[in-house]
Amino acid sequence: MAWSRRRHMRRNLLLLIALTLLAGCATSPVPPWERGRLARWDMRWDPDPLKAAMAEHAHFSKEGTAGTIGAAGGGCGCN
Amino acid sequence: MSRPSPSLSLLFAASAALLGHKAAQADETSAAHSVGYRFNVYDEDALSAQVEEGDPRRYHVDTQQFLFDTALGNRNTLNVSAVHEVMSGSSPWYLVPGPDNKPLEVLSGATIRDHRSAMTATLTHDAGGNDTRSVSATYSAERDYHATALGVERSLPLNSALTLAFGGSFSHDLLRPTDALLYHRIERAQKNTASMFGSLSWVLSKNAVLESGLQFNYQTGYLSDPYKLVVVDSSLDADTRPDRRSEAAWLVRYRYALNADASVHADARVAANSWGQHSLTLELAWYQGLRDGWQLIPGLRYYTQDSARFYAPFFDDANERYFSSDYRLGGFGALAANLNVRKRFGRWELNAGAERYHATTDLALGGADLNPGTVSYTRIYAGLDFHFD
Numbered sequence: 001m002a003w004s005r006r007r008h009m010r011r012n013l014l015l016l017i018a019l020t021l022l023a024g025c026a027t028s029p030v031p032p033w034e035r036g037r038l039a040r041w042d043m044r045w046d047p048d049p050l051k052a053a054m055a056e057h058a059h060f061s062k063e064g065t066a067g068t069i070g071a072a073g074g075g076c077g078c079n
Numbered sequence: 001m002s003r004p005s006p007s008l009s010l011l012f013a014a015s016a017a018l019l020g021h022k023a024a025q026a027d028e029t030s031a032a033h034s035v036g037y038r039f040n041v042y043d044e045d046a047l048s049a050q051v052e053e054g055d056p057r058r059y060h061v062d063t064q065q066f067l068f069d070t071a072l073g074n075r076n077t078l079n080v081s082a083v084h085e086v087m088s089g090s091s092p093w094y095l096v097p098g099p100d101n102k103p104l105e106v107l108s109g110a111t112i113r114d115h116r117s118a119m120t121a122t123l124t125h126d127a128g129g130n131d132t133r134s135v136s137a138t139y140s141a142e143r144d145y146h147a148t149a150l151g152v153e154r155s156l157p158l159n160s161a162l163t164l165a166f167g168g169s170f171s172h173d174l175l176r177p178t179d180a181l182l183y184h185r186i187e188r189a190q191k192n193t194a195s196m197f198g199s200l201s202w203v204l205s206k207n208a209v210l211e212s213g214l215q216f217n218y219q220t221g222y223l224s225d226p227y228k229l230v231v232v233d234s235s236l237d238a239d240t241r242p243d244r245r246s247e248a249a250w251l252v253r254y255r256y257a258l259n260a261d262a263s264v265h266a267d268a269r270v271a272a273n274s275w276g277q278h279s280l281t282l283e284l285a286w287y288q289g290l291r292d293g294w295q296l297i298p299g300l301r302y303y304t305q306d307s308a309r310f311y312a313p314f315f316d317d318a319n320e321r322y323f324s325s326d327y328r329l330g331g332f333g334a335l336a337a338n339l340n341v342r343k344r345f346g347r348w349e350l351n352a353g354a355e356r357y358h359a360t361t362d363l364a365l366g367g368a369d370l371n372p373g374t375v376s377y378t379r380i381y382a383g384l385d386f387h388f389d
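Protein chains in written order, with this note's numbering: chain A, 1 to 79; chain B, 1 to 389.
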């Protein structure tokens, strides 16, 4: 029973990953000479790492489940 | 060596952008080396709940941040960041039932004074074709808390539109609470945190990119707060939580360039942990470039969480296995507004901003039970960055 459920979950996960990859392929490719805007500083995921780190630290110390994607740093006595 | 013009740098960046979004981000602010400094002042509001006892001065933290980023040859970069914090003020200790069973807050009697120093070093290697691998190490030290963490990450373009990133980290934390014998606290404890993540980023169009990622954290060890107490059947007991916690989070980030000078950032995060807490975070920011190198960045953030299974302001049944009245384990919602102003002077950039964070049970999605300890704060910061070749 548990094995069947795990197999079902694995199949769903693979389906999700496949759909995700297909979604990426479905968009028409953007040629390099049209990527000038994507290259801008303000289009980065975290344009200002110091600002992001301090905001995240403040939220992490006040909230039960705060965090972000990426390799986590060490904890602190604040939470 | 003369610095390439912004338009030429953008052309180089666009030329380098044959693979994925990350490759496209060798933008006009890229330089071989950069240093940055910020000074932050964090100030908590007075508690909304009635304070029964303790020092009413709330937490105040002055933080200095340093960043050094440098290229090591053609393929490696080293990023070193350091933080020094000085904390003072009192902290919520426990709750007692007042008239009509309304909770009254008891704050720590003496003003806490402590400082924290932390450093992170990250080495990134570009293996070619924008396949990058990073290793990072962090050390954080306080009088009563030491943490050591190691992390690895890899970013791999799958095709011209998709970039896969994945990695993991491990943190070992050591607690040595102060005044342990005086207050019958645990004298020494440790906890370990293992994390894994994976994400995919898409170039959706010449104006838009999207990232979707999953993060898993698993903690073991002493996860209670050694400084907090809880009223159980009319007597005081130590905050007692399970010694394991697993958490999963799904994060989606979207960046859209509105025109040559403005972009919108939209982030969403859904998380759940094995203590019964669920949360939702929504963030929105507007990056507006103005004349003469000025930039204005207003933003909004909404956060909501429900309570852990073993949270209550106080407990009647002493037979419960776990109990905590830490407000961070209770249900609440928080709304934050922030504003950042930046000004470039050639290779220098001046940076200042503020955040106002307001937390209350009224803002919790679907409502929340009584949580009198929620904290609201104001944070202001200013700093300077310098980029050089």
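The hints are simulated quantities; they were obtained by calculation from the structure and are not laboratory data.
Where hints are given, some of them may not hold.
Under 8 Å between C-beta atoms, here's a sample of chain B residues computed to sit facing chain A [claimed, not checked]:
#, residue
1, Asn76
2, Glu211
3, Arg328
Computed from a prediction, not measured in an experiment: that's the story for all the values here.
The C-beta atom is built at its ideal place from N, Cα and C for all residues, glycine as well.
Quick rundown of the hints versus the structure:
1. Because the closest C-beta pair between B:Asn76 and chain A is about 18 Å apart, greater than 8 Å, the hint is violated.
2. Taking 8 Å as the C-beta contact cut-off toward chain A, the hint placing B:Glu211 at the interface holds, the least distance being around 6 Å.
3. Hint on B:Arg328 holds. Least Cβ distance to chain A is approximately 5 Å, under the 8 Å limit.
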